[in-house]
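Trainee: Next come the chains, spelled out residue by residue.
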Amino acid sequence: MAQLDPFRQFLDDLRNRFELDHVAYAGMNPISGATHGHMTYGADWTSHYLQNKYYEIDPTLLKARHSIAPVDWNRLERGAEFQTIFRAARDFGISDRGLTIPIHGPYGDVGGLSINRDCSEREWHLLISGIIGDLQSAAVYMHDMVIQADPLTRMLNTPSLSTREIEILQWTAAGKSQQDIGDILSISHRTVEVHLRSARQKLNALTTPQAIGRAINLGLIYPR
Amino acid sequence: MILVIDAINKDRFGHVLDEMFKLRARVFGDRLGWQVEVKDGRERDLFDDLNPAYAVGLDDEGNVVSCVRALQTTGPHMLADVFADILDGEPPLRSATLWESTRFCVDTRRLGRGRDRNSVSYATCELMIASLEAAKRAGVSDIVTVIDPVMDRVLKRSGNAPYDYVGKTADMGKVPALAALLDCTEERINRIRAFGGVEGDVFISDEAALALPAIARTVTPKTPLEQYCDEQITSATSEKERVAALRLKAALEDKIRSRMDQRA
Chain A
1 MAQLDPFRQF
11 LDDLRNRFEL
21 DHVAYAGMNP
31 ISGATHGHMT
41 YGADWTSHYL
51 QNKYYEIDPT
61 LLKARHSIAP
71 VDWNRLERGA
81 EFQTIFRAAR
91 DFGISDRGLT
101 IPIHGPYGDV
111 GGLSINRDCS
121 EREWHLLISG
131 IIGDLQSAAV
141 YMHDMVIQAD
151 PLTRMLNTPS
161 LSTREIEILQ
171 WTAAGKSQQD
181 IGDILSISHR
191 TVEVHLRSAR
201 QKLNALTTPQ
211 AIGRAINLGL
221 IYPR
Chain B
1 MILVIDAINK
11 DRFGHVLDEM
21 FKLRARVFGD
31 RLGWQVEVKD
41 GRERDLFDDL
51 NPAYAVGLDD
61 EGNVVSCVRA
71 LQTTGPHMLA
81 DVFADILDGE
91 PPLRSATLWE
101 STRFCVDTRR
111 LGRGRDRNSV
121 SYATCELMIA
131 SLEAAKRAGV
141 SDIVTVIDPV
151 MDRVLKRSGN
161 APYDYVGKTA
171 DMGKVPALAA
181 LLDCTEERIN
191 RIRAFGGVEG
201 DVFISDEAAL
211 ALPAIARTVT
221 PKTPLEQYCD
231 EQITSATSEK
241 ERVAALRLKA
251 ALEDKIRSRM
261 DQRA
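Protein chains in written order, with full-length UniProt numbering: chain A, 1 to 224; chain B, 1 to 264.
Keep in mind that the hints were calculated from the coordinates and are not lab data.
Cβ atoms here follow ideal geometry from the backbone N, Cα and C, with glycine treated the same way.
One or more hints might be untrue.
To be verified - Just a few of them, taken from the derived set where beta-carbon distance is under 10 Å, the chain A residues facing chain B: (1) Gly108; (2) Trp124; (3) Ile131; (4) Leu152.
Given only the sequences and the hints, what does the whole structure look like? Please build it.
Mentor: If you want it as structure tokens, here you go:
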């Protein structure tokens, strides 16, 4: 069996984990000048989409990525652009109940992670309110992974962690709980959590153990 | 009532944003004496060009009475740049679930004392509730907010005391500034609601806002360029023509927008 690329693999995992119909990512790296797209849609819709150059008019991409908050597609004007794409999408069994999470990186790099699911409005709101925080983190993770795949960008962007973030990672590596670390550093345990989230984001790690592994590899902290 | 304005609906609320920039000039430029750039009676900086989300307080007429601005900490934001002194040379926090809030202010000229709906106290609480609720709805768990000591005291006595601070208090021209952390939780929101006597939904929909007298008066018709593009779209006879017309409009989007800005 052919090996799936890691981007597609990540989107497939997201789709299964959150029981979504589809997940798509599109982003732009101003350093390399490249645009990137990955999606769980079938080959038929993907080629129809590309052939018709829908990405030049798609409001779920072009409009939504300027926002800072996730954009429910029902906020997008049901103008001619939207109708053209989603009338065609319906023929491929693709729902217009969806949401785009915009991502803005430090170098003017922008991206959007879109999800959709064919379901009732009630079900949709229940779903979204339960997963939106995780989706935010997943969106930035996916975006950073795509942008960092470019060698030049990777070179320019070594993770810059603060003294406090490194300190907290070091204590975590030593097996201390967030509560303990808060007591040791005389800060609230929520502050510890915020710094850990930030450290994970900067190291592009999904979990704290993964972040600790990377921090050790980079020589930021010492193994216990 | 709080109206949320961002990249999606800002073209409908050019007038409200203009009034907001004027309020910011009065508060940060005149009253507080911050080192901000005021041009033509409006306070704007480069972060306003990055499509932030604004929560804007409106009175029953549709006049702007309060505002605050939110940016993602994953991208360019004030703590990473303008307020870097607060962090004492340390890199800023970066997280998908942390937003930065700046330029919080209320119009003390239009609002009165006391505790009723048209008071400074009520407007302040309503805006704090809205920014926490909007962030929470977006999946954001915490806010880092750049404030001065006066605002810090306001937060503390409104049931909205920061749970911690990052960096140090730094001098920003005449006034010190500090960065406080707020959790976007039901408990915090309820404390502010109880303190301010704020009940029910604090948000107003786009349609309801457009119907308020002070805003309805300012709704402007389409520019000739946009009108032309829309005519091309509706008069297309085939799917191919339609898509071509749509692409034309998308390509001219910036021109259409800049024409609108000039007029505003």
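Trainee: Going back to the hint list, which numbers does this structure go against?
Mentor: 2 and 4
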